[in-house]
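A.B. asks: Make the full structure from the sequences, and use the hints.
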Amino acid sequence: MCGIVAAVAQRNVQGILLEGLKRLEYRGYDSSGMTVLNSGVLTRHRALGKVAALAEQLDAAALPGNSGIAHTRWATHGKPSEANAHPHHSSDNVAVVHNGIIENYEQIKETLQGSGYTFTSETDTEVIAHLLADKLATGKTLFDATQEIVSGLGGAYALGVMSAAEPGVVVGARQGSPLVVGVGIDEAFLASDPLALLQVTDRFIYLEEGDLVELREHGVIRIVDRQGNDVERPIHTFEHGDGAASKGEYRHYMLKEIFEQPAVISATLEGRLSSHGVLVESFGPDALALFQKTRHVHIIACGTSYHAGMVARYWLERYAGVPVQVEVASEYRYRHPVV
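The sequence shown runs contiguously to residue 413 in our numbering.
FYI, nobody ran anything at the bench for these hints, they're computed from the structure. The reader is advised that the hints may include incorrect statements.
[Unchecked claim] Beta-carbon label-pair distances, calculated as ranges:
#	residue 1	residue 2	range
1	ASP260	GLN301	27 to 33 Å
2	ILE339	GLY377	42 to 48 Å
3	GLY293	ALA341	28 to 34 Å
4	GLU306	GLU222	21 to 27 Å
5	ALA239	HIS372	45 to 51 Å
6	ARG307	GLU184	50 to 56 Å
7	GLU291	ALA341	23 to 29 Å
8	PHE365	GLY293	49 to 55 Å
Don't be surprised by glycine CBs; every beta carbon is placed ideally from N, CA and C.
C.D. replies: Have a look at this one:
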C-alpha cells in the first residue's frame, strides 16, 4: 500500500515528512521520495528500497522548506525503480504524490503525448502531473486545476499536489482511498493515515468521498465537497496513543499485527456482545431491520484482509446463519457478480 505525507508549516518540514514516511513503513513499499518547495524551486529526492535510503540522500543534500509532499510506493503500474518512485514532476512546476489506480491513464497519456508532453516513468501517476501543468498554464490556481482534472480521472485514488507558482499551498483529493488532514497550530498536514502525523498533532479531519482540501500557511484549511460546496468537517482527537505507529517489542509489523489480533477483536466486539448474544441496538437505530433483511454476505478484501475474511466467513455462517462469500477485491472489481 502506498503512503502519502504532506505539510505546510512555519518551519522546515523535511523532518516531519521523513518521520511520517517511517511511520507508514508498516503498509509495505518498494521506494520512497520527497519534494520540498524552497525559494520558488521544487527540489526532489527519490530512492529505491527502504526509507533509510532516502534518509541517507537527505543527510547528503538536505531539502529545507516550509511546504512539501512525500510518499512511499508499492508498485502497481511500472516496476520498482527510482524513475517510477513518487513524487512525479511536470515542467519543474508541479509535483504529485498519489495512492490508488487511475484506470483510464492510458487514454489520458495518449492525449497528453499528442499535446507534446514527454513521460519519464511507467506510472499512471505521471499523467496527473502533466494534466495539472496543462491547466496551470491557462492561469488556473492549483486548487481550481485539481478540481477540474479529478472529474476526468477514473478509478480510486488519493492525491497530494503542489506547485512552484504557489508557495505555502498543498492540495489534496480523496476518491476511494483514505486521506486525513492533520490540524496543527498555525500549520496543517495531509496523510494516508493519522499514525503518520502523531509526532506533530493528535487532531484530525477525515475527508469524505469526493472531498478536495487546500492547505495554506498559518494553518488555513479549505474543504470543498464533490458538488463544489465549501464544507466544514468535524475535527477528531486521536486517542490510541503514539505506540500504535511503532513496532514496540516486535521485530516487524507483521508480528505486531498477529499478536495484537486478540486485543483488537476484543475491543471491536466490546459493547456489542453479551452472554445472551448480539446487542443489536449497539449497531445503530436501523440495525435490527437491516439484520432481518440480510440473506447473504459478500466480503471483499485484498492480501491479509482476504484471509481474515475467510476466517470471518466461518464465524458468520456458524453464528449468524447466513451464507458468506469471500472475494479478492481486484477480481471482484471487474466481474459482474450476482448478488
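A.B. asks: Run every hint past the structure and note whether it holds.
C.D. replies: Going through the hints against the structure:
The supplied range of 27 to 33 Å is met by ASP260 and GLN301, whose beta-carbon atoms lie about 30 Å from each other. Restraint check, ILE339 to GLY377: a C-beta distance of roughly 18 Å breaks the suggested window 42 to 48 Å. The hinted window of 28 to 34 Å between GLY293 and ALA341 holds, with their beta carbons roughly 32 Å apart. Look at GLU306 against GLU222: about 23 Å separates their beta carbons, and that is inside 21 to 27 Å.
Range check, ALA239 to HIS372: Cβ separation about 47 Å, and the 45 to 51 Å hint holds. Between ARG307 and GLU184 the Cβ separation comes to about 37 Å, which falls outside the hinted range of 50 to 56 Å. Evaluation of the 23 to 29 Å hint for GLU291 and ALA341 yields a failure: the beta carbon distance comes to about 39 Å. At about 43 Å, the beta-carbon gap between PHE365 and GLY293 misses the expected band of 49 to 55 Å.
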